[in-house]
Amino acid sequence: MPVIETQNLSHTYSPGTPFVKEAITDISVKIEKGDLLGIIGHTGSGKSTLVQHFNGLLRPTSGKVFLNGRDIWEKPKKIREVRFKVGLVFQYPEHQLFEETTYKDIAFGPSNMGLDADEIDRRVRLAARFVGLKDELLKKSPFELSGGEKRRAAIAGVMAMQPDVLILDEPTAGLDPRGRDTILGQISEYQQENGTTVVLVSHSMEDIAKTAKKVLVMKRGAVAMYGETAEVFSRAGELEAIGLAVPAVTRIFMQLRARGFEVGENAYTVRQAFERLLPLLRKGGAGGA
Amino acid sequence: MNAFICAEKVRFHYDNRADMLSGPVLDDIDLNIERGEFVAILGHNGSGKSTLAKHFNAMLLPSGGRVLVSGRDTADQNELYEIRRMVGMVLQNPDNQIVSTIVEEDVAFGPENLGVEPSEIRRRVDEALKAVGMLEYREHAPHKLSGGQKQRVAIAGVLAMQPECIVLDEPTSMLDPQGRKEVLDTISRLNRERGITIVLITHFMEEAVLADRVVVLENGRILLQGHPREVFSDIERLRQVGLDVPQPAELCHQLRRAGVPLPEDVLTAEECVEALSLLLEESYAGN
Numbered sequence: 001m002p003v004i005e006t007q008n009l010s011h012t013y014s015p016g017t018p019f020v021k022e023a024i025t026d027i028s029v030k031i032e033k034g035d036l037l038g039i040i041g042h043t044g045s046g047k048s049t050l051v052q053h054f055n056g057l058l059r060p061t062s063g064k065v066f067l068n069g070r071d072i073w074e075k076p077k078k079i080r081e082v083r084f085k086v087g088l089v090f091q092y093p094e095h096q097l098f099e100e101t102t103y104k105d106i107a108f109g110p111s112n113m114g115l116d117a118d119e120i121d122r123r124v125r126l127a128a129r130f131v132g133l134k135d136e137l138l139k140k141s142p143f144e145l146s147g148g149e150k151r152r153a154a155i156a157g158v159m160a161m162q163p164d165v166l167i168l169d170e171p172t173a174g175l176d177p178r179g180r181d182t183i184l185g186q187i188s189e190y191q192q193e194n195g196t197t198v199v200l201v202s203h204s205m206e207d208i209a210k211t212a213k214k215v216l217v218m219k220r221g222a223v224a225m226y227g228e229t230a231e232v233f234s235r236a237g238e239l240e241a242i243g244l245a246v247p248a249v250t251r252i253f254m255q256l257r258a259r260g261f262e263v264g265e266n267a268y269t270v271r272q273a274f275e276r277l278l279p280l281l282r283k284g285g286a287g288g289a
Numbered sequence: 001m002n003a004f005i006c007a008e009k010v011r012f013h014y015d016n017r018a019d020m021l022s023g024p025v026l027d028d029i030d031l032n033i034e035r036g037e038f039v040a041i042l043g044h045n046g047s048g049k050s051t052l053a054k055h056f057n058a059m060l061l062p063s064g065g066r067v068l069v070s071g072r073d074t075a076d077q078n079e080l081y082e083i084r085r086m087v088g089m090v091l092q093n094p095d096n097q098i099v100s101t102i103v104e105e106d107v108a109f110g111p112e113n114l115g116v117e118p119s120e121i122r123r124r125v126d127e128a129l130k131a132v133g134m135l136e137y138r139e140h141a142p143h144k145l146s147g148g149q150k151q152r153v154a155i156a157g158v159l160a161m162q163p164e165c166i167v168l169d170e171p172t173s174m175l176d177p178q179g180r181k182e183v184l185d186t187i188s189r190l191n192r193e194r195g196i197t198i199v200l201i202t203h204f205m206e207e208a209v210l211a212d213r214v215v216v217l218e219n220g221r222i223l224l225q226g227h228p229r230e231v232f233s234d235i236e237r238l239r240q241v242g243l244d245v246p247q248p249a250e251l252c253h254q255l256r257r258a259g260v261p262l263p264e265d266v267l268t269a270e271e272c273v274e275a276l277s278l279l280l281e282e283s284y285a286g287n
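In order, the protein sequence lines correspond to chains B and L.
The first sequence finishes on residue 289 if you use the numbering used here, and the numbering steps up by one all the way, no holes.
The second sequence finishes on residue 287 if you use the numbering used here, and the numbering steps up by one all the way, no holes.
Chain B extracted, bound-state conformation:
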């Protein structure tokens, strides 16, 4: 049974007004337990609208959303429980820090769940450890942290709820390469250790290529592609036609193939490209390996 499933999900903003906009149309997807799914698409393709349905932040205009096989809107009053099970980290989540100390900020979610003090403490420390925030930072005001630390504190706040599904909307936007790699590494590690289902929304193809196991491509409010990462990136020509910038190494492979070189299927990380090219380049070279 998939952990999240949508059936014919559509959402229209501001219906019945001049500003009416159909953001997503007739989306039926299944997300399996333990997946690390990347969602990519242009700004305005409906990525954020789609994931905000997964925890009931938005209510479908039509269609259904299932969590562990149950329609999340079956009992609208119980929607709060869905939000504990599906944690959503917004874009620029550091704008939402508000408590006196970083510790209290991370504890906010688990406290709302009615957990006892010991359990809250355990979860806060565990989540802080996952995102690499040292103990002494927990006593500080979140506003004294650096930009990257604030971002990680905000992510820890959602991780501390120990949701079944963790959704992160553009978690690396505005970070420098070091900050970006740190956060992506921590998300992968967290996913592997806990088996949590993770959904990563991004417009960075490089980030998705490095991190995700499966990829869902959105185009004008609909699903354009959905499959294993390798399979989706092998359709580089279609991705480019949608206007998504494929990683530079993928472009290199496409062009080499177009020139008639048999370099095999598309590579999308530098590592893969290196491993495919090296034997080809050594074969005929003077030294030969």
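All the given hints hold, so there is nothing to weed out.
Label pairs and their calculated CB-CB ranges:
1. G237/B to K144/L: 30 to 38 Å
2. E144/B to K9/L: 27 to 35 Å
3. F143/B to E282/L: 56 to 64 Å
4. D73/L to T12/B: 53 to 61 Å
Treat the hints as calculated values from the structure; they're not laboratory data.
Just so you know, these numbers come straight off a predicted model, no measurement behind them.
Glycine included, every Cβ here is placed at the ideal spot set by N, Cα and C.
Fit chain L to the given chain B structure using the hints.
Below, chain L alone, put in the same frame as chain B:
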């Protein structure tokens, strides 16, 4: 001494104790920027790159050393207006730079404050919006534009002041790929066609490739500088300071280390394809 911007032995520290202990943010920076040059300043967060940029239009004053803009000392209060007119600033977050509810009013804000004649303001606003490709949006509400469009409006606001130099502090880091391209195309064009001096602060190497010169900062000091091709061939060093290496350069670097005779200065995917094609042809011929 006729460089447009001259930073001479610039030191800077913020006035609080924590920063005094951790050392200065800028430490003895000597840097000249010529008229019409396009300079990219690279560095990771905390390297001092934004702090340095803010010295170029007197938003910050050096704790030691001095900065001259077209021969005027930024520490001289009397020169402040002229320096800020000559050197315009575009910041990271487009939403923090909008002051008005209509695009053309937003662009007019700068020249209005300078006391420019209304008919002249009209002319400058139209011209500036045209230069960034936003003229057709002149009556729109800025908050409803995309990120890339907002940044272009911010650039138009600076252009309306008729500056000689634009300093952009990570103008694309909050934008999607489309917005990023719009902004970069705009600043490259302003540099090429109008000779406006550009100082681009960024941590994206792909953007720095467009510049005439790249300056890499680390711990408040200049670590490397030179033509992008030169700087980006020093991959180990760049990686050490936490910068991203463009994928084609990285791939060629790894292959070179494994003994494949590739050139050292490959930057773009196209160059990489050329270099690899040559070798692959040889390799096929050898079989």
